[in-house]
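Asks: Spelled out from the first residue to the last, the chains are:
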Amino acid sequence: MSASVMLQEVTKEYEPGKAAVDRLSLEIADGEFMILVGPSGCGKTTALRMIAGLEKPTSGTVRIGDRVVNEVSPRDRDIAMVFQNYALYPHMTVHKNLAYGLRQRRTPKDEVQKRVTEVAELLGLDELLKRKPGQLSGGQRQRVAMGRALVRDPEVFLLDEPLSNLDAKLRAEMRTELKRLHQNLPVTTIYVTHDQVEAMTLGDHIAVMRDGRLQQFGAPQEVYDRPANVFVAGFIGSPPMNILSGVARGGRVSAGDFVLERPGVPDGDVMVGLRPQALRPASDGMPVLDFRIDVVEPLGDEVVLHGTAAATTAVACVDARVRPSAGSVLRLGIDPADVHVFDAASGSAIR
Amino acid sequence: MTTEPLLGVPPQQFRLDPPPEEPRRRRLPFSPWHLALMPIAAVMLLPLVWMVAVSLETDAQSHAFPPLLFPKSFQFENYKTAFNAVPFAHFFLNSLLYSLTTVAGNLLFCSLAAYAFARMRFRGSNILFVVFLATLMVPFQVLIIPTFLIVKHLGMVDSVGGLIVPNLCNAFGIFLLRQFFRTLPIELEEAARIDGTSRLGILFKIVLPLSLPALATLGIIQFMWSWNDFLWPLIIINSDTHAPLQLGLSMFQGAHAQHWNLLMAATVMSQLPMLIVFLFAQRWFVQSLAFSGMKQ
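Protein sequences, first through last, are from chains B and C. Residues 3 to 353 (the numbering used here) make up the first sequence, in order. Residues 59 to 354 (the numbering used here) make up the second sequence, in order.
So here's chain B without its partners, still in its complex pose:
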């Protein structure tokens, strides 16, 4: 059983006039993996907590399935949540932690036993059932936290930065595992993170938030390819997109030595966004710019260049065979279709 989730104009104000979440509207289809991503303090966790029922929206409606749940208590929403710090009950064994939610719902004992065993097997926790959370490693605790959510077989999973307390290697492993889990068990999942890699890799859709407002909602590739504004452009993608300030005159956009023909761009100040990965050694017919290299970071297959272009600090990722050296100037080009132009005042994309 799984359900869709819908937020309509949901606002949360902790103090009058200061919205932590500002008129947020989202639609998450049944079985979808949705990522809420943004820098810390952008309201993504508050949004999640409102879906969980741990916070009450100041206005707007939250729906799970076809039910408005604003006034429904967390226990009756049929959701399960994984907390950033796992929130395992320290005085209970792993088995009791997993069984707790079912017991609270007066599930028959043999049913509880069956479900706990199943989930423990699925997550490789069978050996740990008698231990207490204090005796587990970070990764094991994370699994128990996942297990506690899975065992309940809820309509919606809510995950609040579940991987942020793990080290890099374990985080990558768990990320893949989460994705596999969702592929096998497509339950509606809402996942909060500030990590844009998790956002890109895990989600069917991602919602980018900033200062309580939704910036863009779409499939990860779409958000990456067509960022709605400068903030999204800089936030999604690593290393972040280079933003050069420039000006548009009669369908011609220029920023320093970089010149691009783009008919239809209204005259005025603009920002030009160039993804580091889209930059490559110049060839004929491409708009080009000179890149002064300060630091070279070889990664094996590619080289990350830090330096200056059009009087702005910039980053470029080029093929390792280019063999650039620090201190030199490299002429880089870009496919005109890969250039993003934003209005300088509002920051929104000009298409």
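In short, the hints are calculated from the structure, not lab data. These numbers were taken from a predicted model, which means no experiment stands behind them. Be aware that a few hints might be false.
Simulated pairs of lysine to any residue, SDA-like, Cα-Cα distance not exceeding 20 angstroms [stated by the list, open to error]:
#: 1; chain 1: C; residue 1: K263; chain 2: B; residue 2: Y91
#: 2; chain 1: C; residue 1: K263; chain 2: B; residue 2: H97
#: 3; chain 1: B; residue 1: K98; chain 2: C; residue 2: E245
#: 4; chain 1: B; residue 1: K98; chain 2: B; residue 2: G140
#: 5; chain 1: B; residue 1: K98; chain 2: C; residue 2: G254
#: 6; chain 1: C; residue 1: K263; chain 2: B; residue 2: T109
#: 7; chain 1: B; residue 1: K98; chain 2: C; residue 2: G259
#: 8; chain 1: B; residue 1: K181; chain 2: B; residue 2: H196
#: 9; chain 1: C; residue 1: K263; chain 2: B; residue 2: R107
#: 10; chain 1: B; residue 1: K98; chain 2: C; residue 2: F262
#: 11; chain 1: B; residue 1: K181; chain 2: B; residue 2: D169
#: 12; chain 1: B; residue 1: K116; chain 2: B; residue 2: L131
#: 13; chain 1: C; residue 1: K210; chain 2: C; residue 2: V223
#: 14; chain 1: C; residue 1: K263; chain 2: B; residue 2: R108
#: 15; chain 1: C; residue 1: K263; chain 2: B; residue 2: M94
#: 16; chain 1: B; residue 1: K132; chain 2: B; residue 2: Y91
#: 17; chain 1: C; residue 1: K263; chain 2: B; residue 2: V114
#: 18; chain 1: C; residue 1: K263; chain 2: B; residue 2: P135
#: 19; chain 1: C; residue 1: K210; chain 2: C; residue 2: L289
#: 20; chain 1: B; residue 1: K58; chain 2: C; residue 2: G254
#: 21; chain 1: B; residue 1: K98; chain 2: C; residue 2: S256
#: 22; chain 1: B; residue 1: K58; chain 2: C; residue 2: F180
#: 23; chain 1: B; residue 1: K111; chain 2: B; residue 2: D128
#: 24; chain 1: C; residue 1: K138; chain 2: C; residue 2: T116
Use these hints to put chain C onto chain B, whose structure you have.
Replies: Here is chain C on its own, set in the frame of chain B:
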């Protein structure tokens, strides 16, 4: 990740040599603080030693001046005499009843109030809490008469109820537990809410099991307080039937004769339960007095 040997060399071999040891100074086998603490400890212990000494003296020796701290022979039969001179066992049971019920009452009622103050937001919750705290500053002597009047209206003068009911809950316990509850991660309670636990369920299944050190502290403090309480029983209890031990002890101070040795023997016996409680619970006690302040 960090434990992975780099280049096959176990990580500890990368460590620098330990810093060269300081030149050895001649050290006292104890901290210098002890020089100040030992005389204080002696002063604290003296009355206890004196109590035990007098309890083992003859009637004449116990009236001697200067007092005799180390009698040559021990009069152990004082204990037997003292035990039989008054209904000691009866008083002892009354004390036990008084102490245990007030401990139970405090653990239950203070937990409930403390949890509300720790986690529930309601209009005026902070003001109410401050009012509760303020009652800690009102000396008991001021409260005696109003409390007595209330108990009288309840028709509980000279009864076990009159002894116990006013002491079932107190602001100190609420404060102590509230401070402790607030140190517990709120996510545990939120997880329990999502798991379908009611407010009371959260208190009893999640919060209290994690608060054993604080509960133990409160229990011990309350036990000690009730066991040693003299003033309130003196006021509310008139008959031997309901008198706790501390009242019973005062029966040794007769109008005509003063049997110090018997009084002290009875006092020693009355203090044994406290000693036992303290021995068993010392670890909890020390640990949670440290807790009871603010957060670690």
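Asks: When the structure is checked against the list of hints, which entries are broken? Sort them ascending.
Replies: none
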